[in-house]
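**Student:** Below are the chains, spelled out letter by letter.
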Amino acid sequence: MEKILLPDIENLHLIDVYISNGGYEAAKKAFTQTSDDIIDQVKKSGLRGRGGAAFSAGLKWSFMPKTTDKPKYLCVNGDESEPGSFKDRQIFEINPHQMIEGTIITCYAIGAKTAYVYIRGEYHKWIRLLQKAIDDAYEKGFIGKKMKETFNTDFQCDIYIHKGAGAYICGEESSLMNSLEGKRGYPRVKPPFPAQNGLWGCPTTINNVETIANVPKIIEKGWEWFSKIGHPKHPGTLLFGVSGHVNKPGVYELPTGTLLTDIIYKYAGGVPNDKKILCVIPGGTSMPPLRGDKLEGVKMDAESLKEAESAIGTGGVIVMDEDTDLVKVLARIAHFYHHESCGQCTPCREGTGWLEKILKRILAGNGSTSDLELLITVANQIEGNTICALGEAAAWPVKYMVERFRYYFEARVNDEVSLPIANKVHSMRETSYPLADVKK
Amino acid sequence: MEFKFTEENLTRIEQEVKKYPERKPAVMAALYLAQEQNGYISNEVIKEVADVLGITAEDVLGVVTFYTMYHQKPMGKFHLQVCTNVSCMLRGGYEIWDQVKDKFGIENLGITEDQNFSLEEVECMGSCGTAPMIAVNEDYYENLTNEKVEEILESLKSTN
Ligand SMILES: Cc1cc2nc3c(=O)[nH]c(=O)nc-3n(C[C@H](O)[C@H](O)[C@H](O)COP(=O)(O)O)c2cc1C
Ligand code: SF4
Ligand code: FES
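Chains as they are written, first to last, in this note's numbering: chain A, 1 to 440; chain B, 1 to 160.
Check before you lean on any hint, since a few could be wrong.
What the hints assert, rightly or not - In the SDA-like style, the derived pairs of lysine to any residue whose C-alpha atoms are separated by at most 25 Å in a straight line are: (1) B:K19 x A:W225; (2) A:K190 x A:G111; (3) B:K101 x A:G166; (4) A:K132 x B:E138; (5) A:K183 x B:Q15; (6) B:K18 x B:E58; (7) B:K19 x A:G384; (8) B:K24 x A:D158; (9) A:K125 x B:Q35.
Keep in mind the hints are simulated off the structure, nothing from the lab.
Just so it is clear, the structure is predicted and the values come from calculations on it, not from any experiment.
Pulled out of the complex, with its shape left as it was, chain A reads as follows:
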């Protein structure tokens, strides 16, 4: 299987190596076509967003107004803070120029003269790596003033990095724009949508790093080629980040539609000590968890996971073996969303606090069966009643975990399990997990 985003080419992060492997040829090709042609090809390719919602990239671009006096903007979302997600950093590190080239082509397609790559503040190292790649691309004339000569075009764009400062919510696109404007990162009420009223009130497109990194290959090899990889309704490859109880955690680039069990057993080396799987979160902590005994046949793409009553999210697969304390896991997840709620909407601000409080009560051995109903009621009250999707992100794991593992939670609140044993989300010492195989 050919890799689109993270091919096995040594030193690909260096601009000369990227160029000698055909880099920046897609941009050259793009500038011989009209921007409408580019949008059309990306639409037909079937490329869907890799940031969580899996929305058609080409369709999103087509919402950008063609005639406007205002400047247009592109934001490339590298906030990557969803627990279980660690894929965009691989692109920054291993193939930054493909993302830069994708940014240039996308800017041309939507008519944006400025692109901001928003990167979470903790990624100091990856910010430095990407900045170096951007500087090199400027020097070679692929970005900025020299583009006119390099590409023989009238078009010109600039790419800047904007460094975040520790706030999960800033990955939400409207929060990201407020953060970029130098404000508190509060999500905005929609509509208006970013394509009409985005950064500084101007038309703006926001796409994930991985989405953008796919664009050069679509232009180079054609939309038909791309549309035939993986699941027809969600084509291409995905960077699956596998973590938790597997022998070989890491990022695996595989076609959409790959079996979840293949990802876990064939690629990530299976579960240490051949234990059974209790639970898998397939796409980052915001997505509904799946039961370990219901993984057979589940495929990893947006459509198949919808059928399995979960969602693809960021493709961050978290595996939990049979000895995991799900109450502790869920309480930790609830703590996260409570901590990260920006506090604008009452259902989210108060609801996430309640979820955490109830789960901590159960964790301490003081829960009751009515607490389980209460968790679901509170989750339902958050869902659909908030400004941004952090509400759903907080509600889903609780609601679906409690529903799908009802027996487990009931046993817990009815004191059928010994707390000291249950409370031990086992750690390295007890299970001596082999360490990750880090690819350098």
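Here the structure of chain A is known, so what remains is to put chain B with the ligands in place on it, guided by the hints.
**Tutor:** Frame of chain A, contents of chain B with the ligands only:
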């Protein structure tokens, strides 16, 4: 204590400002520079950042308090950030957390008396596949064991 940006930092702020159609968005970068120069974000820092960017001190304060990476009190020379979110927890994140807490006898956001070490429990850092992890200031240490953590902490101690 009074705070004024160094000439070098003022130049760097002006470079940041050039990225944007207005001055305000440079506030995040300016705060990072101020924190580097001053160690933490004091009221004087907030005023200076506001003056340099031509925005109000309230605007700056609003930004400071929204993000976890700006500190309003001094942190240690080595700021230890331990992730305890799910993927790390499943591979021993809390053991590392307890180990570091015990070693220095400090709690979340605490600082050692000699001001060399401070500690923070952080949310997912994007190292889930190489969990558990610690970040020391800007550097990530991944694939940790208790032994490795001990080694890292000892080597930091000896660089003092
Ligand atoms: C709470 C929250 C956090 C999000 N975090 C991220 C993120 O870190 N990175 C990302 O690309 N998208 C994130 N998103 C999704 C973005 O809002 C947006 O849909 C996405 O960046 C669009 O890009 P795409 O269409 O290429 O996927 C988040 C959404 C929510 C509600
Ligand atoms: S849903 Fe939560 S995070 Fe989103 S805007 Fe409302 S309070 Fe903020
Ligand atoms: S959960 Fe610790 S780095 Fe992701």
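**Student:** Are the hints correct? Go through all of them and say.
**Tutor:** Do the hints match the structure? See the list:
1. Restraint check: the Cα-Cα separation between K19 (chain B) and W225 (chain A) comes to about 37 Å, which exceeds 25 Å; the hinted pair is violated.
2. Distance restraint check for K190 (chain A) and G111 (chain A): the Cα-Cα separation of roughly 23 Å lies within the 25 Å cut-off, and the hinted pair is therefore satisfied.
3. Simply put, K101 (chain B) and G166 (chain A) have alpha-carbon atoms about 22 Å apart, close enough for the 25 Å limit, and the pair holds.
4. Taking the CA atoms of K132 (chain A) and E138 (chain B), the gap is near 17 Å; set against the 25 Å cutoff, the hint holds.
5. Proximity of K183 (chain A) to Q15 (chain B) is assessed by CA-CA distance (about 19 Å); at most 25 Å being required, the pair is judged to hold.
6. Restraint check for K18 (chain B) and E58 (chain B): the C-alpha separation of about 23 Å stays at or below 25 Å, so the hint holds.
7. For the suggested pair K19 (chain B) and G384 (chain A), the alpha carbons sit about 37 Å apart, so the restraint of at most 25 Å is broken.
8. Pair hint K24 (chain B) plus D158 (chain A) holds up; C-alpha atoms about 19 Å apart against a cutoff of 25 Å.
9. Only pairs whose Cα atoms come within 25 Å are accepted, and K125 (chain A) paired with Q35 (chain B) is accepted, the gap being roughly 18 Å.
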